[in-house]
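Protein chains: 2
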Amino acid sequence: MQGEPIDTLETPSVLIDMDIMERNIAQMQARCDQLGLAFRPHIKTHKIPDIARRQLAAGAVGIACQKVSEAEVFAAAGFRDIQIPYNIVGARKTKRLAELARTADISVTVDSRAVVDGIAAAAQKAGAHIKALVELVSLGKRTGATPVDALTLAQQISATANLGFAGLMIYPSNAAIRPRLLETLERLAAAGIPATIISGGGSGAVREAHLLPELTEMRVGTYVFYDWNSVSQGYTTFEHCAMRVRATIVSANEASRVILDAGSKAIHSETVGGLFGYLEEFPDARLHQVNEEHGYVDFSACATKPAVGDILHIIPVHACVVSNLHNRLYGVRGGMIEQVWDVAARGLVW
Amino acid sequence: MQGEPIDTLETPSVLIDMDIMERNIAQMQARCDQLGLAFRPHIKTHKIPDIARRQLAAGAVGIACQKVSEAEVFAAAGFRDIQIPYNIVGARKTKRLAELARTADISVTVDSRAVVDGIAAAAQKAGAHIKALVELVSLGKRTGATPVDALTLAQQISATANLGFAGLMIYPSNAAIRPRLLETLERLAAAGIPATIISGGGSGAVREAHLLPELTEMRVGTYVFYDWNSVSQGYTTFEHCAMRVRATIVSANEASRVILDAGSKAIHSETVGGLFGYLEEFPDARLHQVNEEHGYVDFSACATKPAVGDILHIIPVHACVVSNLHNRLYGVRGGMIEQVWDVAARGLVW
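Residue numbers (my numbering), protein chains in the order written: chain A, 1 to 350; chain B, 1 to 350.
Treat the hints with care, as some may be off.
Said to hold, decoys possible - Subject to a maximum C-alpha distance of 30 Å in a straight line, what follows is the list of computed DSSO-like cross-link-like pairs (lysine-lysine):
| no. | chain 1 | residue 1 | chain 2 | residue 2 |
| --- | --- | --- | --- | --- |
| 1 | A | K95 | B | K305 |
| 2 | B | K305 | A | K141 |
| 3 | B | K95 | B | K131 |
| 4 | A | K305 | B | K95 |
What the hints assert, rightly or not - Here are a few chain A residues that face chain B, going by a calculated C-beta distance under 10 Å:
| no. | residue |
| --- | --- |
| 5 | T11 |
| 6 | K67 |
| 7 | G118 |
| 8 | N253 |
| 9 | S264 |
What the hints assert, rightly or not - Estimated spans, in silico, between C-beta atoms of each pair:
| no. | chain 1 | residue 1 | chain 2 | residue 2 | range |
| --- | --- | --- | --- | --- | --- |
| 10 | A | T103 | B | S69 | 35 to 43 Å |
| 11 | A | T237 | B | T8 | 44 to 52 Å |
| 12 | A | A303 | B | G59 | 48 to 56 Å |
| 13 | A | D284 | B | N327 | 35 to 43 Å |
| 14 | B | T152 | A | A76 | 54 to 62 Å |
| 15 | B | G3 | A | A76 | 26 to 34 Å |
| 16 | B | Q155 | A | S300 | 27 to 35 Å |
| 17 | B | G140 | A | A303 | 26 to 34 Å |
| 18 | A | V340 | B | K141 | 35 to 43 Å |
| 19 | A | G192 | B | G3 | 49 to 57 Å |
| 20 | A | D342 | B | G140 | 33 to 41 Å |
| 21 | B | R92 | A | R207 | 41 to 49 Å |
| 22 | B | T152 | A | E281 | 23 to 31 Å |
| 23 | A | S300 | B | F238 | 37 to 45 Å |
Honestly, the hints are just simulated from the structure, not real lab data. Glycine included, C-beta positions come from ideal geometry on N, C-alpha and C.
Could you build all of it, start to finish, from the sequences and the hints given here?
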């Protein structure tokens, strides 16, 4: 399909506007360069080595993956500096992590003694060295340790063979977290433990990165494509959204409603304001319901209603979960298919 | 992994209890046999040829697929009687449909003149014969034609070379649709057009199939695994739920809440009563939030809280969308992995 017009694509297909993606990559790198931050794109948004290579070529220092299995795919594709900002738990996973660390520069995050113990045992058994960052609990209270526990974990890591304490990780790293970060850094300093890396993350948090001058690097994923979520949360505008799901109208028997061939299998089922996607050609149309293979669009606020066979383009609510549903993404420019990408790390949950 | 204990599986993994699945297959076939209905399982729930073969071996007459690409996978796996209860729209899709119909017994559904025209053109060009059922609009008002339009479409199909009018399709085929179905059948009879197949469908509707004696076949998908949706809607009980997502606790720093390694990439993001899955070991726990790789579980209503490294089993909200997220499902019995199934038709959206 490469080199052919977009019209030769079946629907639903996921298009990536190359111009917009390239601009997003350049602008985020410039923003981090300006702040003096190392930039580490999170591959969860695209799961495609070729796109990560473009991010590295623009100046990124390495990548972040969320799973060992994703890191395995990217290591096999030649990536060397891979951070997994996730608690790796279980003997088989830590064994695979340690194997990876024998050939690549692997760092992970931890938030409890149990997680450190498991990784340490595997690293020692494999004779591998693994860098560990302690995750500091953020305002979102997902994972992470308190400042007091962070110090204890940093001491544990520093005292453990085959592990190295590399610093702190925060997600999302909004400016409001600064008092907690400063408290933790003071505790570490008082104990004589240097924190080399202070890794922040989050598409929203990157806008506030200048308010957290302690950060040394940023991890951001969504910026490469952006999505309706990013727009609705004020992180960007539609002109920066690179991903579109191309869909066909397959039924139009109701007065002001049509059915698209893109449902939750193509655009997922997350919502913005109760809607499952933003229709580029009809901003007032409401994609208000999805089944697996059907999208329901209400055109009652629109002057015209499209017909069976017409093609529409949906800006999805959440780009990362859309990439994870599709075997291929199509990079497009000037009406032509420029890239056909296998989503190499799609569906990797281990 | 086949023949090894379940404990050798990484998490998150999708387990299918073979005993429960086999009982579900036998019971649904017995129900349809008792009603004198042909049974046509919808493969969307599992997307795995081996499971469809078990459904045929139990007495099913053929299968239903929702996409041409799914039908292509199952035709290549040897299936011959394939119904696609979907409007196939677009020149490339109808061409592939017609190619399939040259070697397999393919039926589709239609709900507009435009859809019939497209399929007819492709069938004529390929020299294939395609059976078409007219979809009657159901109370859900998704796709489908009115009784008046259904007659017009049946006449159009009957008068078109390479197409054959096969009957009517309804989804969901609840008993409340009977007046509309009877009206349509009367119009067809008055026009001298026989409707050989009256195809009903839906996990809930199968319970009311005896109230629609005009039905000749039923299409049901979810029954093979069932899920929390099926239980919450009263279609079945938990003891018939065959699918579980096996997950590990990766963080437990909050007082009464833990984080699982199963999020929307493993269990999807549909909900029952605001919850994303039912925890088998802790019925009072609340899986109240998911990110892509994290599930948040509140244990404040439970007497005990599990620890990092503990393994839990989630009965998912919607089995079909879970199958579509995973590359493999694992059939288990007596604590052992009996089957390792590639989800052959996973992610096929064309």
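Now the hints, each set against the structure:
Simply put, K95 (chain A) and K305 (chain B) have alpha-carbon atoms about 27 Å apart, close enough for the 30 Å limit, and the pair holds. The suggested pairing of K305 (chain B) with K141 (chain A) holds, with an alpha-carbon distance near 17 Å, which does not exceed 30 Å. With a CA separation close to 15 Å, the supplied pair K95 (chain B) and K131 (chain B) stays within the 30 Å bound. At most 30 Å may separate the alpha-carbon atoms for a hinted pair to count; K305 (chain A) and K95 (chain B) meet this at roughly 27 Å.
About 7 Å separates the beta-carbon of T11 (chain A) from the nearest beta-carbon of chain B, less than 10 Å, and the hint is met. For K67 (chain A), the suggested interface contact is upheld, since its CB lies about 7 Å from the closest CB of chain B, less than 10 Å. Given the 10 Å rule on beta carbons, the hint for G118 (chain A) holds: about 7 Å separates it from the nearest Cβ of chain B. Hint status for N253 (chain A): holds, given a least beta-carbon distance of 6 Å to chain B, under 10 Å.
A distance limit of 10 Å between C-beta atoms decides the matter here; for S264 (chain A) the minimum to chain B is near 6 Å, and the interface restraint holds. Roughly 37 Å separates the CB atoms of T103 (chain A) and S69 (chain B), a value that falls within the hinted 35 to 43 Å. A C-beta distance of roughly 49 Å is found between T237 (chain A) and T8 (chain B), which places it inside the suggested range of 44 to 52 Å. Restraint check, A303 (chain A) to G59 (chain B): a C-beta distance of roughly 53 Å satisfies the suggested window 48 to 56 Å.
Taking the beta carbon of each, D284 (chain A) and N327 (chain B) are about 39 Å apart, inside 35 to 43 Å as hinted. Our hint of 54 to 62 Å for T152 (chain B) and A76 (chain A) holds, since their Cβ atoms are close to 57 Å apart. In this structure the supplied range 26 to 34 Å holds for G3 (chain B) paired with A76 (chain A), their Cβ-Cβ distance being about 28 Å. Checked against the hint of 27 to 35 Å, the pair Q155 (chain B) and S300 (chain A) passes, with Cβ atoms roughly 31 Å apart.
Checked against the given bound of 26 to 34 Å, the beta carbons of G140 (chain B) and A303 (chain A), roughly 28 Å apart, stay inside it. The hinted range of 35 to 43 Å is satisfied by V340 (chain A) and K141 (chain B), whose Cβ atoms lie roughly 37 Å apart. The beta-carbon spacing between G192 (chain A) and G3 (chain B), approximately 53 Å, falls within the hinted interval of 49 to 57 Å. Under the hint 33 to 41 Å, the C-beta atoms of D342 (chain A) and G140 (chain B), about 36 Å apart, fit the expected range.
Hint check: R92 (chain B) to R207 (chain A), Cβ distance near 43 Å, so the stated range 41 to 49 Å holds. As the Cβ distance of T152 (chain B) to E281 (chain A) is approximately 30 Å, the hint placing it in 23 to 31 Å holds. The hinted range of 37 to 45 Å is satisfied by S300 (chain A) and F238 (chain B), whose Cβ atoms lie roughly 41 Å apart.
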